[in-house]
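**Q** Residue numbers (the numbering used here), protein chains in the order written: chain L, 1 to 596; chain X, 1 to 204.
Calculated from the structure, these hints are not laboratory results. Misleading hints may appear alongside valid ones.
Looking from chain X toward chain L, a few residues come up when the C-beta cut is under 8 angstroms (computed) [said to hold, decoys possible]:
1. Met1
2. Ser5
3. Ser7
4. Met34
5. Arg35
6. Gly37
7. Glu59
8. Glu63
9. Ser67
10. Thr86
11. Lys149
12. Thr164
13. Glu166
14. Glu167
Once the Cα atoms are required to be at most 25 angstroms apart in a straight line, the calculated BS3-like pairs of lysine-lysine come out as [stated by the list, open to error]:
15. X/Lys154 to L/Lys518
16. X/Lys190 to L/Lys518
17. X/Lys122 to X/Lys3
18. L/Lys216 to X/Lys122
19. X/Lys64 to L/Lys216
20. L/Lys518 to X/Lys3
21. X/Lys64 to L/Lys586
22. X/Lys198 to L/Lys220
23. L/Lys228 to X/Lys122
24. L/Lys214 to X/Lys122
25. L/Lys214 to X/Lys146
26. X/Lys196 to L/Lys220
27. X/Lys196 to L/Lys585
All C-beta atoms, glycine included, are put in the ideal place defined by N, C-alpha and C.
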Amino acid sequence: MLYGNWGKILEIDVKRKITRIVKPSEEIYDKFLGGRGLGVYLYTQYASPLNGYALSEGNPIIITTGPLTGTPVPTAGRAAMTSRSPLTGTIFTSSSGGISGASLKFTGYDALVIIGKSEKPVYIYISDNEIGIEDATALWGKNTIETTQNLKEKYSGYSSIISIGPAGENQVLFASVITDGARGFGRGGLGTVWGYKNIKALVIKKGRKKPRIKDKEKLKNVVYEANKSIKQNPVTSKALPELGSSFMLDVVYFDRALPVKNFSDNRFPTIDRIGSTALQEEIFENSISCWGCPISCGRICHDNEDKVSEGPEFETIWALGPNLGIDDLVFIQKANRLANEYGLDTISLGGVIAFAMEATERGILDFGVKFGEKEKIPDLIKKIAKNNGIGQDLKTGTGNLARKIGKKASYFAINVKGLELAAYDPRIIKGMAVGYATSNRGGCHLHGGYSAGSEILGLPRRVDPALQISKGTLVAKRQNDSAAVDSLIVCQFASMAVSLEIWSRILTAVSGKQYSAKRLSQIGERIHNLERIINLKLGFTRKDDSLPPKLIEEHLGEEKIELDVMLDEYYEFRGWSREGIPTEKKVLELELNNFL
Amino acid sequence: MKKVSPSIVQYFQKIGWASYIAGLQDTHSGNMSMRIGNRMLITRRGSMLGFLNDYDIIEISLEKNDSGVSLASSEIGIHRAIYRETNGLAIVHAHLINAVVLSLINDEIVPVDVEGSYTIRKVPVVSFEYGSGSREMEEEIPRHLKDNKIMVIKGHGAIAIGETMEEALFYNSVLENSCKIIVGINSLGKKADDFKPKNISEGW
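Put together the whole structure using the sequences plus the hints.
**A** Below, the structure is given as structure tokens:
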């Protein structure tokens, strides 16, 4: 008998309007756990063909929970979503907090696999004894808040509503999927895939099926240890609960690593106007938690139209603030709210607007907007989401847009594999350079191993950010650990306090199988390598493990990034060839030979 | 054989000096290493960790021997086995006096102070017939470090892993302080065992 996972997956064909229950073998759960790992495995089974376009009928949408989801383990309420990204063309897993993961787990399924393409707009609803695919024509065109409210009224008692906004419907390549009008499967344009398939929403009724736990007494004791770690760590016990993730803005800026104006500078004299203190004093209304989370990093804030909504998070404040030359927090919160309503990834949104601003200021192409012109931003967001005017160009993301413009625009298009970079300048934090370059979903700080955790926050101990030797090794190891954490699924913030040793003891108690930190890390390595194998099949090579030329050539006064040196070390640690291909020995060691 | 970069030498000097000044080593004890790709940088056999020079840091493969093996720490086999079998990217081995005292009379060390309890929770003590550089140690030590950051070799000293040498050093330092506290409690005629955190005893 399986513990933690149910051993059941619900397959939903929106074209033929039929559903089917699939039961993967226990070996699959042992090898891939759940969450990101199970999602990537299922992608290899359902993508038809594997290298088909993201916006094609054969690209599945896979929503997964993990073996810890819905248990009393802290932060175990999350869900993951896997598909091929229309923005990056890579395999792509995005995860979301809120209540959707736990709600799905309580229905008795570990995962949903949505295949096919509906002819007309539909929404899906599921509970522990009902599944339906309903007409969503009346919802099409509504924003995520309106959609959520509409469905909540219709389905009273249904606990989680996941939806796309106009951006997903209009095929904006960085459209997100929003959970309960607040949290999001933010990155990579998975909302665009929903829109392409004419899926407007997913309604999940929290069921009554509580996950089976093998050793409840042991779990109680180890969860106590995990909570103790969370309560004793200053980041998870003070900074995040009291200030939200916005404290990172102050900290990253303090270490001179916060990019300003499309990574043109790292100085922003009015930073205090948008930092964590300003947020708490000027726009903060309340804090909010995801399901099962003792940290409560979420913020409810108001904007200049006196509307109250969730956010802004650190990355959003940066992307729509300093990266655009804007220091008005009330305005940033308004832009954040609009992005969530339209269903847009705020990091990519800020990235593409910053690119347009730099293109305008360089005289390469006039988008009619320059750094600091905040009053023009709401209209720009609307145009992108509605696919109007210059929004038709901006909706394609910085990589595609730069290629269309030509004229060396790619020089300052701040993305890797099409995904816009986050708020950590890799010229200052050298581990982030190799992390952005090698993340399997493009220039991502989280899937890039988040070396800033040790390079900036000193968790577990501080590593010199300027050091380049040893960073390839550190990042590869952290990517493995992170892939395991994303497959349990638990929050990366909690993992700043809770070590892999504790997570492994928790999984042992839940599953009844013996896990160690090393075994978890190896599972993460398998997942990361499978993602790499998929990306190689999709045409990616070492040359794509790169950074924007601007970040290589403009040094910010620091030592130049030696990306090739770090990549060589990274590949060597991973047991890959110099071309970045997993060797036969590594593939056999990780039991991935069936996926070649 | 080639010399390592100045920034790496400085890093080794910082960690080595800290371990010495904190009283975690005698003048010539201990060793430490960090993994870089499929190689490691390890301290030279007989080097004084508190006073390292560039020629005291040896670069060597994780798998194959080259001439560097003649200069590297005599416990290089244990370091290699740890990198092969565990999650560690760095290793610090230190001769902790109070930890050694407790290792002679206990099979595990459970810190009773807040810092120790939070950081290392419970530390296994393992006994070996040959207490230094043996094949048995190469097999057993990694097994314990798969799921613990630090362990104690009975009558010898502690060995810790981390993502960095600073992290591994930190676990040594925390353990030694925790052991001092336990020895102190016992010397006052109280039983340190009475102060063990309940959940660690039952859940770890």
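**Q** Checked against the structure, which of the hints given earlier come out wrong?
**A** 1, 7, 8, 9, 16, 17, 19, 20 and 27
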